[in-house]
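Asker: With these hints in hand, go ahead and build the complete structure from the sequences.
These protein sequences, in sequence, are chains G and X. Sequential numbering of the first sequence, starting at 1, is according to this note's numbering. Sequential numbering of the second sequence, starting at 443, is according to this note's numbering.
Check each hint, because a few of them may be wrong.
With a straight-line Cα cutoff of 27 Å, these simulated DSS-like cross-link-like pairs (lysine-lysine) come out [stated by the list, open to error]:
1. Lys756(X) x Lys93(G)
2. Lys756(X) x Lys713(X)
3. Lys673(X) x Lys754(X)
4. Lys667(X) x Lys93(G)
5. Lys507(X) x Lys754(X)
6. Lys362(G) x Lys535(X)
7. Lys314(G) x Lys224(G)
Derived by calculation from the structure, the hints in this document are not laboratory data. Remember, predicted model here, so these are calculated numbers, not experimental data.
Protein chains: 2
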Amino acid sequence: MEGSRAHRRRVRRSFHTRSLTRLNCAGYRDDALHRETRRRSPNASPLLQSQRVSLSFHIDSSTGKARTGRLLTPHAEVSTPVFMPVGTVASVKGVSQDILEDLGAQIILGNTYHLYLRPGIATVRRMGGLHGFMSWRRAILTDSGGFQVFSLNELRKVTEEGVTFRSHLDGSSHFFSPESAMEAQIGLGADIIMAFDECTEFPVDRARARASMEMTARWAARSKKYFEDHKHEVPWKNEDEGTSRGHVGAAVPTQSLFGIVQGGMDRELRKESAERTIEIGFPGYAIGGLSVGEPRELTREIVESTLEHLPKDKPRYLMGVGTPEEIVEYSNLGVDMMDCVLPTRAARHGLLFTSEGKVSIKQARYAQDPAPLDPNCGCRVCQRYSRAYLRHLYASNEVLAQVLNTIHNLSFYLDTMRRVRHSISLGVESRFLSSVWSRPRP
Amino acid sequence: MEGSRAHRRRVRRSFHTRSLTRLNCAGYRDDALHRETRRRSPNASPLLQSQRVSLSFHIDSSTGKARTGRLLTPHAEVSTPVFMPVGTVASVKGVSQDILEDLGAQIILGNTYHLYLRPGIATVRRMGGLHGFMSWRRAILTDSGGFQVFSLNELRKVTEEGVTFRSHLDGSSHFFSPESAMEAQIGLGADIIMAFDECTEFPVDRARARASMEMTARWAARSKKYFEDHKHEVPWKNEDEGTSRGHVGAAVPTQSLFGIVQGGMDRELRKESAERTIEIGFPGYAIGGLSVGEPRELTREIVESTLEHLPKDKPRYLMGVGTPEEIVEYSNLGVDMMDCVLPTRAARHGLLFTSEGKVSIKQARYAQDPAPLDPNCGCRVCQRYSRAYLRHLYASNEVLAQVLNTIHNLSFYLDTMRRVRHSISLGVESRFLSSVWSRPRP
Chain G
1 MEGSRAHRRR VRRSFHTRSL TRLNCAGYRD DALHRETRRR SPNASPLLQS QRVSLSFHID
61 SSTGKARTGR LLTPHAEVST PVFMPVGTVA SVKGVSQDIL EDLGAQIILG NTYHLYLRPG
121 IATVRRMGGL HGFMSWRRAI LTDSGGFQVF SLNELRKVTE EGVTFRSHLD GSSHFFSPES
181 AMEAQIGLGA DIIMAFDECT EFPVDRARAR ASMEMTARWA ARSKKYFEDH KHEVPWKNED
241 EGTSRGHVGA AVPTQSLFGI VQGGMDRELR KESAERTIEI GFPGYAIGGL SVGEPRELTR
301 EIVESTLEHL PKDKPRYLMG VGTPEEIVEY SNLGVDMMDC VLPTRAARHG LLFTSEGKVS
361 IKQARYAQDP APLDPNCGCR VCQRYSRAYL RHLYASNEVL AQVLNTIHNL SFYLDTMRRV
421 RHSISLGVES RFLSSVWSRP RP
Chain X
443 MEGSRAHRRR VRRSFHTRSL TRLNCAGYRD DALHRETRRR SPNASPLLQS QRVSLSFHID
503 SSTGKARTGR LLTPHAEVST PVFMPVGTVA SVKGVSQDIL EDLGAQIILG NTYHLYLRPG
563 IATVRRMGGL HGFMSWRRAI LTDSGGFQVF SLNELRKVTE EGVTFRSHLD GSSHFFSPES
623 AMEAQIGLGA DIIMAFDECT EFPVDRARAR ASMEMTARWA ARSKKYFEDH KHEVPWKNED
683 EGTSRGHVGA AVPTQSLFGI VQGGMDRELR KESAERTIEI GFPGYAIGGL SVGEPRELTR
743 EIVESTLEHL PKDKPRYLMG VGTPEEIVEY SNLGVDMMDC VLPTRAARHG LLFTSEGKVS
803 IKQARYAQDP APLDPNCGCR VCQRYSRAYL RHLYASNEVL AQVLNTIHNL SFYLDTMRRV
863 RHSISLGVES RFLSSVWSRP RP
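Answerer: Have a look at this one:
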């Protein structure tokens, strides 16, 4: 029974992968059609009729530990390894969705904690989920809120049942459990959602790390149970069919829930966490609890050792990293998905990533510099504006500074990942990128 | 001599009007070419070889007092009546130049006072003027700084020689005279620049209004003298020719200086001001000193009476107005050019103009409203996003709120002007627009 269902899914998948690929190649035509249908109802975000798969992952090529692949989600096909721009409250700060599409973003990330507080899950659900609410027709991943609540620090209290926390907006008290975090994420309707986990602080003693890892494993099981029982409540709309509610069946795709490996900076705990999470069983696995203040060498060591214990045929998502050098490095280690606020946050502080190194655009040295920010960059910012203009916008506190800086930094990250995928597909590890990048600026 | 030069200009104008029109119709091709040339030097803003005219104004059609026309400037042809978005410090707040182009903005306004303070005239001049600095290849108009300095109120001191004022940025002391305001505007290199004037406060007694109007007339003469002596110092670059400096001759276009009519709310003083300004002689005339707190009926009365004294064959620019209703109304009175911060500033405060009336997007009633902001609007915001999403962005203080709101409001203004021009060309006064617009929202 299980086997035959899997077989049917495989057949469907191979069909849909082909048709989706064709669709992406003719993106303009699709967009024009889509704009036409939106004319009457801008918040509609119908699933394409051809998309009947919840998740499939196909590895196309590999070099050493690195691999390229295609992650097929209900809303879009994603080429991996992929970097996911962060759109915390249903907006990648300063960048409109059409520009994100132009940049080639295939999947973006939303933060459950923030969206739960504002505008609230019910509102997003009523608007057809995040896809409908923010009018984004490609893939979305939401975090579980666990890490965000962890970041609140003084404002939270953790028990076996879940986490009580205070809103950073108004101080009001709220409670997240694995069940309520799943309920929230189902309401948001992202293509990929994350198990509710506890992220341990750094440094931490071994007993605390073990206890936390074990609770995360129990929470993963509870997350999965709730998700399996409620996954058909996703607010996606199928054209001609109304919502998917009441149309439960093999033909209707659902979200996919990924598990998260914790265990602090302890390789043994990480191994045990991986094994326990795999035992529960998820279609994809994330490595959480890193980039919490530990030295970068340690991050790399934990990533490398944890990856050894994760299934090779499933997508592997390293949460919350990193610099341009790091996303190349982790891709080479076999990571398939990454996200980080760095490109967008740094942009807001005038820190720009270029093929010649980092540029702090606020510096007076750029005040009369007629050159493009990055002479090797094809983005709409580098093609049109000078460093002098970008410096002026930043110095004058103009909103356009944030807009243009963010567009460039995202373009740099997404271009970097395109080059990484290209290198891997040619059988070459793409370390050259990071070495070029760390050269001091002339 | 004068006659034969005018004849040569007319011949040139009719030729260049045709070639420019063709260029505008094939905008995409031109843009692609332009992007290609920018690849090496993003701040270059060469004049097109075909553009050899400083200014020409051709009236195409008229209905009652209203008229449509084409204003040919060195950088672009502008269809009139036109609304000019305000880009105070070389940026229309939140909107990138490519989107302004998409919106159909043919001419934008820069503020000399702000640009003089930051980034400074020398920097802009070195980058090829405002066109090169901000990478805007269509037309630009700069104000003289007079109105901005007038707005400083407590921070200024006016004498016959000029105005001493303190910077709103750092309190440093500066001095603008007709001569230095021209020097600054020539350095900024806009297609159209404005005489240095004094804007009188409202209300004001007749003696003060007369004295101010008379000084403005003397300043206009000084502005013109300085401009005529220095107009070839404009920092525009002609491809293959280097800068226009040293290439003084009939073939090199210069900026055009417009005179400004003042006189407070006194029709007789306005008439005298118009006559004295015309006697000095300018290729275009502005009506300044309105929208300074007077009732709207009075503004209209002064505009209407002043227009009677301005030459019909020259462009007439009403400074600093207005609401969507007003720009329609003033177009019907025969105004050719207008500018106002209202669409951009209101957008930042969540006040949006639609075909169904004003929308305050912050209101809770829009929190779950799936409809587009304006069902009759074809802009990229209304085609893609719901009121619920726009309301969420505003409530969450997201930068994208300002970006999208501004794009819509500018689109509404520019669409309104397109409809006005169309109505006039059909021989219909376009009052219907304002009456539709003031209907209460359903």
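Asker: What hints, given by number in increasing order, does this structure fail?
Answerer: Those not satisfied are hints 1, 4.
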